[in-house]
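The hints should help you fit chains C, E and L onto chain S, whose structure is shown.
Chains S, C, E and L are the protein sequences, given in the same order.
The first sequence begins at 1 in the working numbering and counts up one residue at a time.
The second sequence begins at 1 in the working numbering and counts up one residue at a time.
The third sequence begins at 1 in the working numbering and counts up one residue at a time.
The fourth sequence begins at 1 in the working numbering and counts up one residue at a time.
Check the hints yourself; a few may be wrong.
Now the in silico label distances, taken between C-beta atoms and shown as ranges [what the hints assert, rightly or not]:
1. L:Thr-319 to C:Ser-232: 21 to 31 Å
2. L:Thr-319 to C:Lys-331: 17 to 27 Å
3. C:Pro-295 to E:Asn-306: 16 to 26 Å
4. L:Asp-239 to C:Thr-328: 21 to 31 Å
5. C:Lys-154 to L:Pro-117: 53 to 63 Å
6. E:Cys-193 to C:Pro-295: 36 to 46 Å
Derived list of chain C stretches under chain L, where covered just means 3 residues or more per stretch with a C-beta under 8 Å from a C-beta of chain L [said to hold, decoys possible]:
7. 126 to 136
8. 222 to 231
9. 244 to 255
For the record, the hints were derived by calculation from the structure and aren't laboratory data.
Even glycine gets a Cβ: it sits at the ideal position worked out from N, Cα and C.
There are 4 protein chains.
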Amino acid sequence: MLQFEMALSTAQSKLNMIPDEAATEINQILSKIKISPGELAEGTLKNGVPVITFLSLIKERLSSATKNHLHYGTTAQDVMDTAQILIIKDAIALIEKKLQLFIQHLQKLADQYGNVPCMARTRGQLAMPITFGIKVNAWLLPLQRQVERLNEMKKRLLCVQLGGAVGNLSVYQDKGEALVKVLSEILQLQSSCQWHTQRDNLSEFTNWLAILTGVLGKLGADVLVMAQSEISEVVEIEDGGKSSAMPHKNNPVLSEALVATARINAALQLQQLQSIVHVNERDAAAWILEWNAIPQMLINTTTALNHAITIAGKMKINTAMMQHNVETFLKSNT
Amino acid sequence: MLQFEMALSTAQSKLNMIPDEAATEINQILSKIKISPGELAEGTLKNGVPVITFLSLIKERLSSATKNHLHYGTTAQDVMDTAQILIIKDAIALIEKKLQLFIQHLQKLADQYGNVPCMARTRGQLAMPITFGIKVNAWLLPLQRQVERLNEMKKRLLCVQLGGAVGNLSVYQDKGEALVKVLSEILQLQSSCQWHTQRDNLSEFTNWLAILTGVLGKLGADVLVMAQSEISEVVEIEDGGKSSAMPHKNNPVLSEALVATARINAALQLQQLQSIVHVNERDAAAWILEWNAIPQMLINTTTALNHAITIAGKMKINTAMMQHNVETFLKSNT
Amino acid sequence: MLQFEMALSTAQSKLNMIPDEAATEINQILSKIKISPGELAEGTLKNGVPVITFLSLIKERLSSATKNHLHYGTTAQDVMDTAQILIIKDAIALIEKKLQLFIQHLQKLADQYGNVPCMARTRGQLAMPITFGIKVNAWLLPLQRQVERLNEMKKRLLCVQLGGAVGNLSVYQDKGEALVKVLSEILQLQSSCQWHTQRDNLSEFTNWLAILTGVLGKLGADVLVMAQSEISEVVEIEDGGKSSAMPHKNNPVLSEALVATARINAALQLQQLQSIVHVNERDAAAWILEWNAIPQMLINTTTALNHAITIAGKMKINTAMMQHNVETFLKSNT
Amino acid sequence: MLQFEMALSTAQSKLNMIPDEAATEINQILSKIKISPGELAEGTLKNGVPVITFLSLIKERLSSATKNHLHYGTTAQDVMDTAQILIIKDAIALIEKKLQLFIQHLQKLADQYGNVPCMARTRGQLAMPITFGIKVNAWLLPLQRQVERLNEMKKRLLCVQLGGAVGNLSVYQDKGEALVKVLSEILQLQSSCQWHTQRDNLSEFTNWLAILTGVLGKLGADVLVMAQSEISEVVEIEDGGKSSAMPHKNNPVLSEALVATARINAALQLQQLQSIVHVNERDAAAWILEWNAIPQMLINTTTALNHAITIAGKMKINTAMMQHNVETFLKSNT
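Okay, chain S solo, but in the shape it has when bound:
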């Protein structure tokens, strides 16, 4: 939100909408300000958005000449929506990095163990021999498509939101469009028509997160089966999860978390989708659903990737047991 207000003032000074000195002061002061969420709590409860309190905390630090040039012509939702996109942009950079690392780990697994024969299991029953590479592919190929999807959606998603009180930029008169353009350049976001009542892009992105944790959930579920004591084809991590009552156990706890996270993100996606029914020109009954869903989904996805990277990097593949299970099957089915 600070980043938005700084960039807005810079853009407005460039377009001679506010004095250059005001923009300079705003950038100087805001780049050093620290506001803790706690300071915004009471005001958010009162106003239904943190922005009013946020602005008054900032204005306390600004000269009286500059105060009136802060947040000029814009509205709470402009700040908050653009701030959310900036957060998402950073989160995407982090997620992409983790995703690439995970993909590399899977490719390494495929290189090393791809040709190991192992049993396919369909509907819980031994089916036919395949190779371990086919299992890895079922985790890997959807991730490659995820990379493709993400690249396609970025142009829609990573857009500035600027509309003013009711989305029509009217307060800026003939400078509205230019302001959007300059602002988006400063923030390194796409320029865009206002979208404050159009929440489709966010739901496209959160579904991407939910698909990602879904795919990691499949990995988790597959590992849980292969790590069952009776199957023992993999060990999630040696010296893994301990039990307080049974010292002989080695619990595949990260895989369980992956399955749970897939279901949790799916439920959050359903909340997010309902935020598209955003009534009229602003509707916090819908908007709050996003505030609840998006941060959780970002955290869940990043955590799930961490777990998946740990598993893919440390999982012990018991090729002898895979081989043994194939042979036992072939013996009893010929």
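Only chains C, E and L this time, still in chain S's reference frame:
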């Protein structure tokens, strides 16, 4: 499913995997066969898939020489997944047509009434005057992005599934890849590696459906407000929904249905997302979630588009009242 | 709905609100009428409820003297809500019967195999020996609580709904309360204040359905593990689900369906819960969620009970393998 | 968790299962210990439960003679499940208090304004005059049923969980049942068979929470309509939510939050319901869903009650406008 078996036999005869006569007979017989869902019910209960019964119903009509060449080397999931994609392909064609018609209606509304001043309402309160065109844009722009999204996802989604019992095409030996290619050409689908345990594409598509009904839900919610007796800026349809007890009423029943459908499709998307956690090489506990979600979502989406087209084509815009509401607001706020 | 209109006319004639002859004719005609859902479709689309068309189809069969006494003073939601409760009452009777049968099957399993030693598995790992009776108890005890819960909620749930156009019975003047009382006696429902905007009881009941399918889902999930080829402690049904590609398989397809149904009913419960946000004095955007959720949940629950009864009655318990798995565990952990 | 370990040691010393001195030391030390969640984070990641680290942090403070008597014969899930019930018990006490206060506020509203005529609105349209008391009843009566439901479920819900490693109390030999009884007396919980794999009670309770926030959501939705600028029958709070761009606005922000919370709790209930599918004798893929859902639902419900209490206590009822709207309606419909 019939279409898949016909195309498979044609492809297999082209590649000299089954006799040409078998393929000819299969195509002749299957193109005329009618199987009602009822005939498949008992077998589906027993086997957890309709395919076994489906095949035995077909085999009754085939010569004994040809029987063994039907469904050669393939498995239930190949038939069902590819059939589902064929259904989705047809559904997309229908949905695209309706979506284009709806977009045209909205553009016409924008052309005709786009400059009419009307009140923006934020958080249920009168905010500032805008134009009706801004409201129409909030329905229209997400739909244009939907067209873009759909075009991007088709290459991933509309793919044949052929893998054989456990997905590795092993039974076809060195002809597996060629068979996938020829089969996909006949069915006019993309050729693809097997994806029977990778359900990300389907969940990308169903989210597209849920976003679409979400956007239509926003239209519905907006109409419900503008059609309120106290606001009366639009009438959903003249001579609309009647009440059994209150003859003076004209209920905006299609708009209500749009809001409800948005929530229902959102809930179905959450089911669908969980199907990605498809354990091992086949997992009907996950797969059944798709069987439940996808047909409902297709029907809900098509119905919602019908409603939206009716509304956009027949809604009565009360420009005088919009104007009046703006003037009243301006008078009391200056 | 026919049952409601008949009972209403009977009650109204008893209270001298309509002529006895009208009530007699209404009962005679309506008890023989058959209306197919298809006849109501077009009118439902137009009016957002089927009641207007339903009434006009009935009125065609009534004398003109009687017509005006049909549906006297009541509204669409009275008919539909009470009809829904009547359906639920019948469904409960069916579900209770099936539930009792299932409980008996489980008790028989416990009697017969309760003392058989078998392995507990925690977090997918062999834990410690228990008895099969402990597993059966985990399915049985929640069901006994379900019986208790159902008995507690019936007094709230199985209530007549009668309020007239806006829920205040005003059209009936001082006879409103008496009418509710007589009507509820005829329909063998609880007498009740109007509850047309209070949907908590329905959501309490549907959660009961979702808990029930959840418990059956746990049974299914447990059977899927014990029926895995590598564990083989139970066979869901001998000569169970067949594969179109792998004749050696015996798929536990009913157990998979139980797990899927648990998730589907959970998703439907979330729809149903949102119907509680029923705006003002009637809100079909919320109401439609119920029309979608409740019938599906009733069908899903009954079907799941059928599957569970089949499993509990036909499951083959491999006591030798249970014993063997315990011994193997004890040997390797001492 | 500390409370559980203290009570367990007391109970075990009473039954001569551990030395009295050990129980005394455990109670002395644990009653003073403070463990922050952060100290448990790393261990929870490793072991999938916080209990192992929790115990080792405690053991550091115990004499070596006493260490071995801590947590005797019990397992992580016993501690965690019982601790969760203790938290829920405290939360219920808080929620009951707030609920009673809210009910009193509603009754006061009914006393003061119950007879004020106002318009019923059905399907967004003016319907017929009712009284404001009917609106209040629609919020009040479900809450009275909620009190009834809560009293019925407490006997099932507020139960101790003690089962040992796999739920059969085997380690305690013939003292198991007595231990459960004494432990539950100390903790002021119901004595109970182990229920660690039976999650129906928790889902009954969380549905109660979701119904409660649903009813509050209906209040919120009703207030949003009555507080619309064009209707102005109520003001949520005078000097309510401010806008950063439009000083004339008074946003009903608490009501919006109530509607959003209803939807969020509904989505959490769907997660919780899936935790009933708790596989085998312990299944963290299901269990984690509860860890995610229950704390959020408790917080959401308490917050929603706070909002509802504020609204019911501070809402300004504009009786003149209600009267005016009724008269306008009557004039135009006679």
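Contradicted hints - numbers only: none
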